[in-house]
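Chemist: Given the sequences, and given the hints that come with them, work out the whole structure.
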Amino acid sequence: MDGRMSFDPVEDSVEDFPADLVFLAMGFTGPERNELIDGLGVELDQRGNVKRNEEFRTTVEDVFVCGDMGRGQSLIVWAIAEGRSCAAAVDRLFSGSTQLHSPVTPTSVPLR
Amino acid sequence: MGDARGFLKHDRQLPDRRSVPVRLRDWREVYEPFPEETLRHQAGRCMDCGIPFCNEGCPLGNLIPDWNDLIYRDHWREASDRLHATNNFPEFTGRLCPAPCEGSCVLGINEPPVTIKQVEVSIVDRAWAEGWITPLVPTENTGRRVAVVGSGPAGLAAAQQLTRAGHGVVVFERTDRIGGLLRYGIPEFKMEKRHLDRRLAQMEAEGTEFRTNTTVGVDLSVEQLQADYDAVVLACGATQSRDLPIPGRELAGVHQAMDYLPGSNRVQEGDDLKAPIDAEGCDVIIIGGGDTGADCLGTALRQGALSVHQFEIMPRPPEDRGSGNPWPTWPLVYRVSSAHEEGGERVFAIETSEFTGEGGKVTALRTHRV
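Heads up: the protein sequence lines correspond to chains U and X, in order.
Position 8 of the first sequence, counting from 1, maps to 8 under the working numbering, and the rest follow consecutively.
Position 218 of the second sequence, counting from 1, maps to 330 under the working numbering, and the rest follow consecutively.
Rather than coming from a laboratory, the hints here were simulated on the basis of the structure.
From the three backbone atoms N, C-alpha and C, an ideal C-beta is built for every residue, glycine too.
One thing to keep in mind: the hints can contain errors.
Quick partial rundown of chain X residues pointing at chain U, CB under 7 angstroms, derived from the structure [as the list claims (entries may be wrong)]:
| hint | residue |
| --- | --- |
| 1 | Leu208 |
| 2 | Gly329 |
| 3 | Leu346 |
| 4 | Tyr372 |
| 5 | Ile397 |
| 6 | Gly405 |
| 7 | Ala476 |
Chain X residues, not near chain U, derived (Cβ > 12 angstroms throughout) [to be verified]:
| hint | residue |
| --- | --- |
| 8 | Cys161 |
| 9 | Arg189 |
| 10 | Ala241 |
| 11 | Glu300 |
| 12 | Arg306 |
| 13 | Gly319 |
| 14 | Glu431 |
Modeler: Next up, the structure:
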């Protein structure tokens, strides 16, 4: 559930490393569950990100989501691309159409 | 296309980094200036491909061959316009992005790819220096109001686009400064915060409003937010850190990276003289081999750590693409960030099973290889 993988230990490889300070930098699992998410009542998807449709809309009317909060942890270019595309979706809600650049959809993925 | 034979004449070249002993004594960015003539040669390596895969590799769809050509032809101002056509903040991505565009550059099939990211940052830095980047104040006001919650790169991009479209935009941020991870996650040595402040000044001049120290749901109720605005954009990031629930996790001295990095950023902002968690004289271990781990490494070295190890559970990646990782996908190869040049030891294929300590404080990690 927390996305950790399990690995087979190598026999007789136990080693102790002295440490006064340890920093955990193992990635991010999703948005924080807090008064904002609970207060708005937006639904989350199976991975714990804020659920949205192809127009970046959450399950609550006129509430949109973009960036890591909807996609899960990603790169800065994805954050900016999502912000631009979400802005275009909001502009479409207001104006019926938009001239704003919309480079990605909520389900766009990297080249693979 | 700029130089039809550029890629045959010039090898890939990047700016030098300042010497390690010098840069460890300050927090400034690590790169030396890059001569314009050299940059022009680098931009001229672009082949202006019939199908520019760099366009696809970049989620922003940056018009990379266009601005490479403009730089080769010495049309810097037009290059800046082209760059800003698809990217609100090239000075951030030009410093921080791992550049999937370069991973998908067609030249990269059999040669080192074009230095796209260096061209990007050079264009935008010159554009700022020349005064070409000015506020784009909207010419009409639609009367619509939008609240953007969260001020990282996603929220700021949404806010700038919506402001420029004539909507009234207010950005809410729970901390005391705007920027999200750009402000308190990214260390100064990767991106000096003056770049962020300069862009925020442009946004304010365009009419975007910023409200810091405001936690929506606490300081401002969600009901009020929904009543006051025609639309709400949530952009609060994925800030829940993965934890390591093993024996000894509760010991003092074991911290999440994101509880550590903001402290040194606050010192650089002038808020504190010393970070609340400071690695001076400490043996430091970072668990996690990614960019956040490298940010901890560079920070700990600058604070004067005695030793630093960075653990990664996966094996050391290959120097070149493996057979299952072909161009133009993201290359899963061994990467050396600026922090890795500065010191510390990287350990791959290692897992921590327990933190051990004395008097409630961590003193060692028990590990095994995997």
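Chemist: Each of the hints needs a verdict: does it hold here or not?
Modeler: Outcome of the hint check:
no.: 1; hint: Leu208; verdict: 5 angstroms, holds
no.: 2; hint: Gly329; verdict: 3 angstroms, holds
no.: 3; hint: Leu346; verdict: 4 angstroms, holds
no.: 4; hint: Tyr372; verdict: 5 angstroms, holds
no.: 5; hint: Ile397; verdict: 4 angstroms, holds
no.: 6; hint: Gly405; verdict: 4 angstroms, holds
no.: 7; hint: Ala476; verdict: 5 angstroms, holds
no.: 8; hint: Cys161; verdict: 15 angstroms, holds
no.: 9; hint: Arg189; verdict: 20 angstroms, holds
no.: 10; hint: Ala241; verdict: 22 angstroms, holds
no.: 11; hint: Glu300; verdict: 17 angstroms, holds
no.: 12; hint: Arg306; verdict: 18 angstroms, holds
no.: 13; hint: Gly319; verdict: 14 angstroms, holds
no.: 14; hint: Glu431; verdict: 21 angstroms, holds
Hint compliance for this structure: every hint is met.
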